[in-house]
Amino acid sequence: METEIINLLSIKKNISMNYDEIRKELGISKEDLDEALSNLERYGTIYRSKNGRYSLVSRTSLKKGIVKVTIRKKVIVELEDGDFDLIFDKKNIVKSNDVVLVDPHYNSGRATVVKVLTKEKVQDYIGTIVREGNHLVVRSEFHKDIIIKKEYPEGANVLVDGSSNEIKEILEDRYKIKVRELLTKYNFPVSYNNDYLKELKDIPDSLSEEEINEAKKEGIFDLREIPHTTIDSEDTKDFDDAVAWFNGLLYSSIADVPRYVEEGSAIERDAIERGISVYSPGMVNPMLHHKLSNGICSLNPNVDRFTSSVIFKINDDYTVTPYAMGRSIIRSRAKLTYEKVNEYLEEDRVPEGYESYTEMLEKLYSIAMRVKKKMLENGFLMFSSTEVKFIFDNEKVTDIKGRHQGKAEELIEFIMLLHNMTKTDYMIKHNLPFIARNHDLPNNDKLNAWVKLLSQRGYIVDKKDSYTNEDIKKILSTYRGNADQLVLDNIAIRGQSKARYGHLNKGHFALGIKAYATFTSPIRRLADYINERIYQDSIKYGDEYARNKWEPKMEELAKICTDAELRADKVERKADDLKKLEYMNTIPVGSKYTSTVSKVGKGYVEVLLPNMVYGKVYVSSKDYSVSKDGYSLFNNINGERILVGDQIDVSLLKVDMDKEEVLLLRSSYSKENGYEEKKGKKKVKKR
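Per our numbering: the sequence shown = residues 1355 to 2041.
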């Protein structure tokens, strides 16, 4: 019913309808319409104006956000595009963590509360022990002071139970404290309640033969003789997926999380509240407790695990045909790593212990790349990444490197893509609801700005009214492999729409396919867990059962998944930045780098260092002016120009831990500021 109302209000831009008009158009009972409208208003999907007319929130200027009340009584709302001071009246009294619908005023930086959607959730939070007169108190930015009677060291950071206001834990590591603060700020639970822990005791640590025999009676595939392996990072502990090549068939198996998480249980409710695992350097705040995520659900080597598998036949023309799919049981043979697999696939060096897997790896990679080639021909887009890998020694970062997207990563990425696409096709053919991974058309204005920058950098590219996948791929190829690639790709990515979860399928532009959903990370992502649960309900109880059960829940679940991903992105970016600052603080002042200009602004140049750390070079705002397009700085005295993508030599001046900035001094332009002449490019003169 909710879907029908959304579709009705989507027909025309800015359409609004009153209650009677909607009921007449859809021909439904008053009771059904009342319930559907109430749900849609509660989710913040539709908005009812004072004159009783309903509109889609997405077609209005209204935004959904989370309220934060600071100890200085300043009330703000966190929106996707920034924080705003909040304007509210007695009718809409708000508290920290309330979810509200607001009308943002971008010029003034303020937002007016239109409706309170969800009242605050009680969360644990981080506080600091301080002395106030004769008492010790716990002080936190978003909570009232709590007087404590026990003795604690002044200045200590503590984890406080949000319900009882009791201190649960003293926190010591400065970085871990900062990350816990970020998690609580963005409403991620950092502990588990008693009901959860009680249920956890009933979760087994291993599979018994009795369990396995019962499962085989249910008709699951026994794939323990198939030589599955996991391929993941060296520091991975939660293995969602395993792959194999055997007798001409490709196997992709993922953890059967629904088998161990009971619907409606405290464990599932907590997973829905978290929505996603949040990863930060050296730490993880998991969606599922480590007994599940690293234990019985993780596809660890040499132990039996329940899984959900897709088996593929690769045809002579390298098209892929699903051969079989369903619930299964496997025994992974080994825990292979990206780093070691890349040694073999890229350097033809066989790491110790990998001798038995070289033939399988060669076959899997050959297949994956041929399938990838076909996907690239059909519109699949690829960008370089500014993701980083932190090198640790005894919990201290000793180096930061760009995360290598090698052959091993490509191999797994494309097998998982095939798994997801195959199950998405199943959901569509069986008319089942699912949480779609939607990616809309790119923003043409932003892409045109990117193209203009490329022209200024000397690349021969054409501006268009709209861009297809083929257009973007052609433009990307003009600077592939050059020193400015990372920065230019990052700008191009900002021109793309951000992928979002949705209960209605809208297609995936970057993948060049009409429908896409994810299944392969059920340990780490709520969307994958829910999609796999719907799929299993379908094969166990039938399509109609699964459809009727899940259809009413999908919109809310999709919103939860998108919201969790956005919040996790903020935590992870901030945590990465903090760890980068911590690392740069160990680098000697005066250390020299050749950097790439990533951004310019009034009085500063932002650069990307070779270790993937961003820093700032401050310049005189009197001497330098920013161009209208925001991509250049011009020296008003000597006419010098600094353009995004330029290479400049810098040295480390200071790491400001309070302002969280890496400050650099500019020495000169790099001597390597030109480019080789290549087809489709013109040579860029040294500036």
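Just so you know, the hints here were simulated from the structure itself, not pulled from any lab data.
Certain hints may be false.
[Unchecked claim] Keeping only pairs whose Cα atoms sit at most 27 Å apart, straight-line, the calculated BS3-like set for lysine-lysine is:
| # | residue 1 | residue 2 |
| --- | --- | --- |
| 1 | K1894 | K1571 |
| 2 | K1422 | K1913 |
| 3 | K1717 | K1689 |
| 4 | K1868 | K1828 |
| 5 | K1689 | K1522 |
| 6 | K1422 | K1928 |
| 7 | K1761 | K1694 |
[To be verified] Taking CB as the label site, the calculated pair distances span:
| # | residue 1 | residue 2 | range |
| --- | --- | --- | --- |
| 8 | K1384 | K1530 | 52 to 58 Å |
| 9 | K1378 | N1567 | 56 to 62 Å |
| 10 | P1964 | K1530 | 23 to 29 Å |
| 11 | I1941 | E1588 | 41 to 47 Å |
| 12 | R1493 | I1447 | 22 to 28 Å |
Here a beta-carbon is modelled for each residue, glycine too, at the ideal position from N, C-alpha and C.
Pairwise beta carbon distance, K1378 to N1567, judged against the given window 56 to 62 Å: Between K1378 and N1567, where Cβ atoms are some 58 Å apart, the hint holds.
For a C-alpha distance cap of 27 Å, please report whether K1761 and K1694 respect it. Measuring from Cα to Cα gives roughly 11 Å; hence the hint holds.
Given hint K1828 paired with K1868 - CA-CA distance at most 27 Å: 22 Å, holds
Does K1522 lie within 27 Å of K1689 when you go C-alpha to C-alpha? At roughly 36 Å apart (the allowed maximum being 27 Å), K1522 and K1689 break the hint.
Sort out whether K1913 lies within 27 Å of K1422, counting only the CA atoms. 20 Å, holds
Does the alpha-carbon distance linking K1894 and K1571 stay inside the 27 Å limit? 13 Å, holds
Does the Cβ distance between K1384 and K1530 fall inside 52 to 58 Å? Taking Cβ atoms as reference, K1384 and K1530 lie about 54 Å apart, which means the hint holds.
Straight-line Cα separation of K1717 and K1689 no greater than 27 Å? 18 Å, holds
Would the hint linking K1422 and K1928 be met if the CA-CA limit is 27 Å? 18 Å, holds
Supplied distance hint 23 to 29 Å, evaluated on CB atoms of P1964 and K1530: Given about 28 Å between the Cβ atoms, the range holds.
Determine whether the Cβ-Cβ distance between I1941 and E1588 falls within the hinted range of 41 to 47 Å. 24 Å, violated
Distance restraint evaluation - R1493, I1447, Cβ atoms, bounds 22 to 28 Å: 24 Å, holds
Figure legend: structure checked against the earlier numbered hints; hints not met, in rising order: 5, 11.
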